[in-house]
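Asker: Next come the chains, spelled out residue by residue.
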Amino acid sequence: MKIAFIVLIAIIEILAMRSWFICNKFAEFFHFSLLDLSLRIDEAVNNDGGFSLFAVRFFHNKALGTFFDAYRNLLRYWDILFFINFLSIAGFIGLIFVAFYFFQKKRIRRYALPIFIFVLFMELLEIFFRPNISFLLKVICLFIPLFILSLLGWREYIGEHKKTNIWFVILVCVISIWWLLLFNKNILEYCII
Amino acid sequence: MKVYLWIFLSLFVFVGIFFRFLRVDSNPPGLYIDEVSIGNNAYKILTTGKDEYGQQYPLFFKSLGDYKMPLYIYAVSVSMALFGKNEFAVRFPAIVSGILSIIVFYFFIKELLLLDKDKYSYIYRKYIPFLASFLLAISSWHLHFSRGGFEVMSAAFLFIVGCWLMTLFWRTQRLLFLWLSYTFYVLTIYSYHVFRIISPITIIALSILIYRTFSAEKKALFISFATVIVLSLPIIVFSFSSHGLERFSQTSAFEEYKAEPLLSKLKIYPMIYVKNYFSFYSLNFLFGGDGNGRHQVPGFGLLYRWQLPFLFVGLFYLLGRKGSKLKNVAIYLFLISPVAASFARPSPHSLRDLLAVFPLVIFIAFGLIYLFEQCRKFRLLAFFAVLVIAILEFSLYVHQYYLHYPKVNINDWGAGYKEIIEDALKYKGKYEIVLLDTNLENLNLYFSFHTEKIKPYVVDNSWKKPKEWTGEKIMLIRKFYEVNYSDKIIHNVYLPNANKDVVAQFWDIE
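Just so you know, the protein sequences line up as chains H and L, in that order. In this text, residue positions in the first sequence follow our numbering: the first is 1, and each later residue adds one. In this text, residue positions in the second sequence follow our numbering: the first is 1, and each later residue adds one.
Hints in this document: simulated from the structure, not taken from any laboratory. Virtual Cβ for every residue (Gly too), placed ideally from N, Cα, C.
Straight-line Cα separation of at most 20 Å, EDC-like style, residue types lysine to aspartate or glutamate; simulated pairs:
| id | chain 1 | residue 1 | chain 2 | residue 2 |
| --- | --- | --- | --- | --- |
| 1 | H | K105 | L | E373 |
| 2 | H | K62 | H | D48 |
| 3 | H | K2 | H | E160 |
| 4 | L | K464 | L | D508 |
| 5 | L | K430 | L | E419 |
| 6 | L | K479 | L | D508 |
| 7 | L | K418 | L | E452 |
| 8 | L | K465 | L | E432 |
| 9 | L | K322 | H | E160 |
| 10 | L | K275 | H | E189 |
| 11 | L | K479 | L | E441 |
| 12 | L | K407 | H | D48 |
| 13 | H | K62 | L | E393 |
| 14 | L | K455 | L | E441 |
| 15 | L | K473 | L | D460 |
| 16 | L | K500 | H | D42 |
| 17 | L | K500 | L | D412 |
| 18 | L | K85 | L | E419 |
| 19 | L | K407 | H | D42 |
| 20 | H | K185 | L | E256 |
| 21 | L | K407 | H | E43 |
| 22 | L | K488 | L | D460 |
| 23 | L | K322 | H | E156 |
| 24 | L | K126 | L | D116 |
| 25 | L | K418 | L | E441 |
| 26 | L | K500 | H | D48 |
| 27 | L | K500 | H | E43 |
| 28 | L | K322 | L | D116 |
| 29 | L | K418 | L | D34 |
| 30 | H | K106 | L | E373 |
Facing chain L, a subset of chain H residues (Cβ under 8 Å, in silico):
| id | residue |
| --- | --- |
| 31 | N46 |
| 32 | D48 |
| 33 | Y71 |
| 34 | W78 |
| 35 | D79 |
| 36 | F100 |
| 37 | I175 |
| 38 | L182 |
The following block holds chain H by itself, in its conformation from the complex (with noise of 0.2 Å):
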């Protein structure tokens, strides 16, 4: 039973992704531009005419700006809708499980932390860099330490929680599929085709 809902989430998962194959590359927001910040620089600190350079120069930087950005680029693919969208909402659960048995069991911490170093590290590699590869390769490197996460922490919960966890289980595979039926053109608000 454990490996039949397993199996079900996982190729709900592939299903998920499977959709962001109509897709060339990633929208703009999960990209740093140097020309974006150089002009919200140059307005802020035409709005503090009368004020000292070094206090200009301290609160607008390009620093910090780019700090800020690639914090705001990153979020962007940590955002929920986000995971929804990539690895459906059964997919995104299972990443709230493996977070959750990340602080709770040794073993977890052991196997997640270094898969979530690596996209931590394609992310930034995406964001400042935005390698000249197939968009496919991409969303596949990206998709499969999130795919094996996600499963990795459904396996954790379905272990635990015996009895409530049948129902819970249909559930979300109801909701997700539901979802991807419905709302499959979301991806366009991640994606240019």
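Once you've looked at the hints, dock chain L against the given chain H.
Answerer: This is chain L only, laid out in the frame that chain H set:
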């Protein structure tokens, strides 16, 4: 409580007071239309006992196509009696609610930790209430909405008072606290729309819990619940009337699909709700805001960036605490806050979800203490690192909010309407009649609020001068349509921003 702990609490409250009162009459820069409507109604109630439509002490205020809840408007009436008819008076009840929330929140968390005495170590029981109330005092989300005439602030305050009183009942079993708690929950329903759903759910959930836990108090519970029903009757009747449903139809998230057949609606509506509900937990929303210029400072979200790791650590740490009442309350508040707002658009919406700030600061406080506890060797270094980063980001926020925001976001707050009125008053002696271009939306309401010396007429392009006005000197206040040169233009009104944009022009028409 030890003296130094009282000093810390007073300091946090002082920080809250300082940043909430600082230049509140001029930042936000001008009143937005809802504040003007509240102010006009409050002033009418204060001076005549009637609203704008002549209703005597109404329970629901008709305003700009929908109905406003009464509590905040009556509070503004009291505020106007003290401070006069001005921006400060309109915002004062929200400021006071924000400040008192800091104090009540401290005692609320303390009570919860008393109920969970054996669940948390000494370090948590000592520092969490302070940390949580301090985080609330400096919270950009809470601070921002404490400084505008937002009804949600008073509602959130009353809700937290209700929660605190409930924890007092739970610990002492004194029935007065139960009754007071329910009364405050009912008051929230008369304060802001979203609590028309949140508070009844909370009351029902609490009643079931109390019924199961305190078998001796069933009679008292029944009386309290009956009192709630009686006090809520006017709002229940109103909610199901056509007036009551107006607000819902204006902001409904399902409006686009109204014409669909029933089966399609059954397919679509739940998923729209699920999508909206999840959007309130989006990191982009929490750390980037909802995109509404009135709800946030550009470049900042609802939480500070440095709080992100502590938020997750605290949340998952608390989730692992079995049987903790504090955990249950925090998770309940975290899950219930977007329940009503998810029915509306746009979603997410930081105003309607304000209740979520309380559980979020609890998670962050726990995350901070947990991580400091874990890194024993580098505790001092970690503390100073976090402190420096927090001060840096807070100073950036303060700079952005108090210096840039009034200039950059002026269009979100009445877009220079006050400047138009101040300039118009200078020309009052020369012109007997003042006309307003209908494209300067609601400017006539701003005139009612800011001055009684000019009673303008609202006109559109088809307006023609009546015969009885022959010989009268007439001034038209017109939206700027890129006409820079005309001998009829007597004055340009400029926005007080860096670009000095022209917002309106005064035309002499005969």
